[in-house]
Amino acid sequence: MPLIKIDDKEIEVEKGITVLQAAIDERIEIPYYCYHPALSIVGSCRMCLVEIEGMPKLQVSCNTTIGELPPERKKDGKYDMIVRTQTEIVKRERENVLEFLLLNHPLDCPVCDQAGECYLQDYSYKYGRAHSRFLEEKRVRKNEYLGSNVIINHNRCIMCTRCVRFTREISGTNELFVQARGDVSKISIFEDKSLDNMLAGNVIDICPVGALLSTDYIHKNRFWNLEAKKSICTDCSVGCNILVYSQNNRIYRLNARENHNVNGYFICDIGRYGFHRYEDAEKVTSPLIRSDGGFKPISWEGALKEIYEQFSMSMSGEKQQIVGIASPFHTNESLFMFGRLMNNIFKDKSIIGKLPFIEDYEIHFDSGFRISKDRSPNRKGLLDFCPNLEDEILQKVKAGEVRLCYALDDGVDRKLDEEWESFFKSQRFLVVQTYAMTPLAKLAHLILLGPSPMEREGTMTNDQGRIQWLNPSVSLTNKTRPDWEIIMEFMNTVGKRELKYTSVNEVNLEMGERFPDYRGRTFFKIGYQGLPKKNITTSRPSEGRQAIQ
Amino acid sequence: MASFEPILTRHIHREDSHTLSGYKNVGGYKALEKMFKTMAPDEVIEEVNASNLRGRGGAGFPTGVKWGFIPKDSHKPTYLICNADESEPGTFKDRLLLNKTPHMMLEGMIISSYAIDCHLAFIYIRGEFYQEHKILEKAVEEAYATNLLGNDILGSGFDLEVVIHRGAGAYICGEEMGLIESLEGKRGWPRIKPPFPAIEGYLRCPTIVSNVETLACLPHILNRGADWFKSIGSEKGSGPKLYCISGRVNNPGVYEEPLGILLTDLIFKRGGGLIDGRELKAVFPGGSSSAILRADEIDGLRMDFDSLSAAKTMLGSAGIIVMDETVDMVSVCLNIARFYAHESCGQCTPCREGTTWLVKILNRIYQGNGSLNDIDMIFEITDNIGGLIDFSKGSFGKTICPFGEAVAWPIRSFVEKFKDEFIAYVAKGVEVS
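Chains as they are written, first to last, in our numbering: chain A, 1 to 549; chain B, 1 to 433.
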């Protein structure tokens, strides 16, 4: 392994990696714009120039690979390369490049969405000069729509072409190109093809400046007001890692979070803009009970009393009176509790079913990014914790038989067909645990108020068997109680248990005790990058990583 | 000035010099026959190496050495590209060769392809060369018809296809990596090196890009031997060279002389001196990308790669542009800056932004609105684009391709060497206001 020295730091690096990668790995700052680890190297921004001993001129660190020198040619007797990132000449060069970049830049940071997370701003502050020597009029162009969700502000663009390369190398859709030449060149779309692919939103993420803007977020908030929570996307079974930005319990935007075992650097637009579904939904704000054809609020105590009255009676009745409808949208912890309730308390009087999985078209990009056809986040977890799931529940349960039903609602995506609607209507008493007035909730006799996907906390198992942390990005509203807690109360009430879990961690630990695949998969251990299930010996890296390498 | 018998342009005055029969009548394709009969590819490389042939496109890289960079163990095909995208201002030598003796270049291409084991060669011809393209097409057609191209050339077992590709008129596509990108069907944005084209060029396969004139030299080297070729010109650079003389001279045109000829000889003898007997003021020795030389700097200056770089300029494409005493240097400088701002591909930050900035500043000075400060700023900006920090170390170049230097060099030299005129413009502006 080559031994190199960057400034004063000795580093042993893999042969063949670039100086910039080595510096990034060691957290030595070399500023850059056009480089992106997932994209090809063009070396055009000239920001990452460094001094390398023995080279006559400054080198772009993004395209300088580190090799091994024969022993007699080692620098200082032992180094394969000596890199300097803080010399006068390097600093001056950065200053010069920034001066060029800012010549025509409008300096409109006060109204720019990128302000606060802008590399042009940061580097100018750190490496740039305080005044401009440009006396002429700036080049001004109007903003344009590149696609239905992406606007470009040409004046802020620094022509790093990350977005162009993204549409060529990652999405493979080729919508973007550089129009014209030299000083008047600009990022543009072809006349008949707008930037509307399933990954289009990522160009906003990878834009190092405020040139590419989201129509969804533009001028809505400032970066420093937002709190970022590391979580995972729940819109398909891939489980992409995301950052959820919110302020005062309102979500403003979602960004991709790097995870080479899952999604690489990107997320799809379904997930990116998906959170609006929960905002738009008709919300439930309290437990509700059916009364005179409508619903009226009921306290949690009242709701539990109702449950006791309905369910404890049936404990002694005939076989299979209770139907549990589990949901692949819920966390492992909730499903674990739900399985316990059904299998340990109601035992053979119960049957666990599920609604048909929500499926849509599957998308594979050549770069390895994929969107699963399974649009529920936790099918694996559902099958793990409710192993006795009855597939043909409609046929199994004879129509008209007196039954009780406890359903975990799939949420706003769930549509009910006639068959299922009549199935639920035929229930004597239907308890639905949900956060919105979904078609299923409308049929309920009792609605238990659970958290929405952005409020849930727990683990989810993606389709590769990777356990990931679903971290709540907004806190629970007034009367909402965590799903696992509601089920625990259900167990305590109906089954006379004395479970006293105070947090999802405790449920998680208990779950690990009972399901060996999940043993030791605590929140602390899985962290923000997730871990594969125990019985999967090697994690199966998603193809995304391979494409990146 | 010793009389020199032209080699490349010896027969161009014949009516039929551009046809196959015309070329064959004067000994054309003899070198090819000789090569196929007597030489192995390695021997061809050795011969070219021994001849000290340096690329005529501008950089002056030894051709044989370049061939040697091709990986021996590569399983990828090798490509040859003839760079006929001649677009340097003041340069029109390749155009003459394409017009008058396209077969000489084709023969050179076949020789080069044989040496580097290439079976598909391209000619990237400048889009504006319409007439030349027609002639070249005809020549290639003739070559195919007589088995000089195609399968089993002249019974040697060597196959070669030649494809002509017309550019779309961008200066930057004359840069080898820009050319390769353009040939691949992409935007003509130079690709970052390394890897160099000899390792990964066209379609990421080993590729040699050679200038028309370089290729035209090859048949003569094989015919008459490396020693003969080496004997022409000076020690520092050998072989014949086409010089393009333009500007305020009596006889502008292309002249063939050995490398290392005196610049004064070219201007005053071959070029016939300046129009109306005016005084020489300045001259570009190698196209508009080279640093300009003042009249007092050219005495005894020899036109070869090393002498000119010692004089802080370059041979480049040997496009000699002569300016007389009446020429307004500020206006020429602005004109050149405009050209480069227009042709900058826009990829690298310094070149994209810097070239236009220079035009704006020069324009301001030209309009009489400049200040003395602007003159210093031009120095700084050109340094920032082209990085002309230390000539002795050769430590210049801050962009992906040499375009940055090509802008910075001439403009800086104008302001440096004719500072008085720039100051006069500034002063004039002050007076008016």
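The set of hints was computed from the structure by calculation and includes no laboratory data.
Accuracy of the hints is not assured; some may be wrong.
Stated by the list, open to error - Every beta carbon over 12 Å from chain B, so not counted as near; a handful from chain A, in silico:
#, residue
1, Ile41
2, Asn63
3, Thr64
4, Pro71
5, Arg139
6, Thr173
To be verified - Below, a list of computed lysine-lysine pairs in the PhoX-like style, where the Cα atoms sit at most 20 Å apart:
#, chain 1, residue 1, chain 2, residue 2
7, B, Lys186, A, Lys186
8, B, Lys186, A, Lys57
9, A, Lys15, B, Lys193
10, A, Lys91, A, Lys75
11, B, Lys193, A, Lys57
12, B, Lys193, A, Lys193
Note that the Cβ used here is the ideal one computed from N, Cα and C, for glycine as well.
Against the structure, the hints:
no.	hint	verdict
1	Ile41	violated, 7 Å
2	Asn63	violated, 5 Å
3	Thr64	violated, 9 Å
4	Pro71	holds, 24 Å
5	Arg139	violated, 8 Å
6	Thr173	holds, 17 Å
7	B:Lys186 to A:Lys186	holds, 16 Å
8	B:Lys186 to A:Lys57	violated, 29 Å
9	A:Lys15 to B:Lys193	holds, 19 Å
10	A:Lys91 to A:Lys75	violated, 23 Å
11	B:Lys193 to A:Lys57	holds, 14 Å
12	B:Lys193 to A:Lys193	violated, 33 Å
Comparing the model with each earlier hint shows violations of hints 1, 2, 3, 5, 8, 10, 12; every other hint is respected.
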